[in-house]
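Enquirer: Under full-length UniProt numbering, the residue at position 70 of the sequence shown is numbered 70, and the numbers go up by one with no gaps.
A hint or two may mislead.
[To be verified] For lysine-lysine, the following DSBU-like pairs were computed, each having C-alpha atoms within a straight-line distance of at most 30 Å:
{"id": "1", "residue 1": "Lys75", "residue 2": "Lys128"}
{"id": "2", "residue 1": "Lys64", "residue 2": "Lys139"}
{"id": "3", "residue 1": "Lys85", "residue 2": "Lys95"}
{"id": "4", "residue 1": "Lys128", "residue 2": "Lys57"}
{"id": "5", "residue 1": "Lys95", "residue 2": "Lys128"}
{"id": "6", "residue 1": "Lys85", "residue 2": "Lys57"}
{"id": "7", "residue 1": "Lys128", "residue 2": "Lys85"}
{"id": "8", "residue 1": "Lys57", "residue 2": "Lys95"}
{"id": "9", "residue 1": "Lys75", "residue 2": "Lys57"}
{"id": "10", "residue 1": "Lys139", "residue 2": "Lys95"}
{"id": "11", "residue 1": "Lys85", "residue 2": "Lys139"}
{"id": "12", "residue 1": "Lys139", "residue 2": "Lys75"}
{"id": "13", "residue 1": "Lys75", "residue 2": "Lys95"}
{"id": "14", "residue 1": "Lys139", "residue 2": "Lys128"}
{"id": "15", "residue 1": "Lys75", "residue 2": "Lys64"}
{"id": "16", "residue 1": "Lys64", "residue 2": "Lys95"}
{"id": "17", "residue 1": "Lys85", "residue 2": "Lys75"}
[What the hints assert, rightly or not] Label-pair restraints from in silico Cβ distances:
{"id": "18", "residue 1": "His70", "residue 2": "Gly109", "range": "41 to 47 Å"}
{"id": "19", "residue 1": "Lys139", "residue 2": "Glu54", "range": "32 to 38 Å"}
{"id": "20", "residue 1": "Glu54", "residue 2": "Ala34", "range": "17 to 23 Å"}
{"id": "21", "residue 1": "Ala112", "residue 2": "Asp10", "range": "21 to 27 Å"}
{"id": "22", "residue 1": "Asp86", "residue 2": "Tyr52", "range": "28 to 34 Å"}
Calculated directly from the structure, the hints in this document are not laboratory data. Where a beta carbon is used, it is the ideal one built from N, C-alpha and C, also for glycine.
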Amino acid sequence: VRSQALRARDSGAAPPTVVVTGAAGFIGSNAVLALLEAGYRVVGVDNFSRGYSETVKTLEQEAKTDHYAHAGGFKFYQVDLGHGKDFAGILLQEKPLAVLHFAGVAYAGESAREPLRYYWNNTVNTMKVIEAMSAADVKNLVYSSSCSTY
Numbered sequence: 001v002r003s004q005a006l007r008a009r010d011s012g013a014a015p016p017t018v019v020v021t022g023a024a025g026f027i028g029s030n031a032v033l034a035l036l037e038a039g040y041r042v043v044g045v046d047n048f049s050r051g052y053s054e055t056v057k058t059l060e061q062e063a064k065t066d067h068y069a070h071a072g073g074f075k076f077y078q079v080d081l082g083h084g085k086d087f088a089g090i091l092l093q094e095k096p097l098a099v100l101h102f103a104g105v106a107y108a109g110e111s112a113r114e115p116l117r118y119y120w121n122n123t124v125n126t127m128k129v130i131e132a133m134s135a136a137d138v139k140n141l142v143y144s145s146s147c148s149t150y
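Starting from the given sequences, assemble the full structure and let the hints guide the process.
Expert: See the structure below:
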């Protein structure tokens, strides 16, 4: 994936765009920084149900520093993936190369107490991400497992 950003930079083309869902969370925000480091333009999406607006402010500031000057920048949308048409609109507008999907909930005890919430957030919303990707002709998806895996 890094080679595509490098090829774009070397040819003078605009850097490819990658969308990161859950961008305000721990894994998503670190993925944003890694993608910027690799030279990508990054579009972050989060509804702040678990992530933090302060994290997005930090990402926006970091993306503007000299360290990431070679990258294509960072843009953020506050969107709930449960509103699939909103997410599809972002994909149609931004035309990303890929979606890195980190927007999920992952607490084992809570999932036992609130199974429907977990089903809707982790399963139904992921289906909506895939449907939006199909509508926008985005073919590459990276889907992360839960934090308990790490």
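Enquirer: Does each hint hold? Answer for all of them.
Expert: Consistency of the hints with the structure:
no. : hint                       : verdict
1   : Lys75 x Lys128             : holds (21 Å)
2   : Lys64 x Lys139             : holds (29 Å)
3   : Lys85 x Lys95              : holds (15 Å)
4   : Lys128 x Lys57             : holds (27 Å)
5   : Lys95 x Lys128             : holds (17 Å)
6   : Lys85 x Lys57              : holds (25 Å)
7   : Lys128 x Lys85             : holds (9 Å)
8   : Lys57 x Lys95              : holds (23 Å)
9   : Lys75 x Lys57              : holds (11 Å)
10  : Lys139 x Lys95             : holds (11 Å)
11  : Lys85 x Lys139             : holds (18 Å)
12  : Lys139 x Lys75             : holds (21 Å)
13  : Lys75 x Lys95              : holds (13 Å)
14  : Lys139 x Lys128            : holds (14 Å)
15  : Lys75 x Lys64              : holds (11 Å)
16  : Lys64 x Lys95              : holds (22 Å)
17  : Lys85 x Lys75              : holds (19 Å)
18  : His70 x Gly109: 41 to 47 Å : holds (43 Å)
19  : Lys139 x Glu54: 32 to 38 Å : holds (33 Å)
20  : Glu54 x Ala34: 17 to 23 Å  : holds (20 Å)
21  : Ala112 x Asp10: 21 to 27 Å : violated (51 Å)
22  : Asp86 x Tyr52: 28 to 34 Å  : violated (21 Å)
Checked against the numbered hints above, the structure breaks hints 21, 22 and satisfies the rest.
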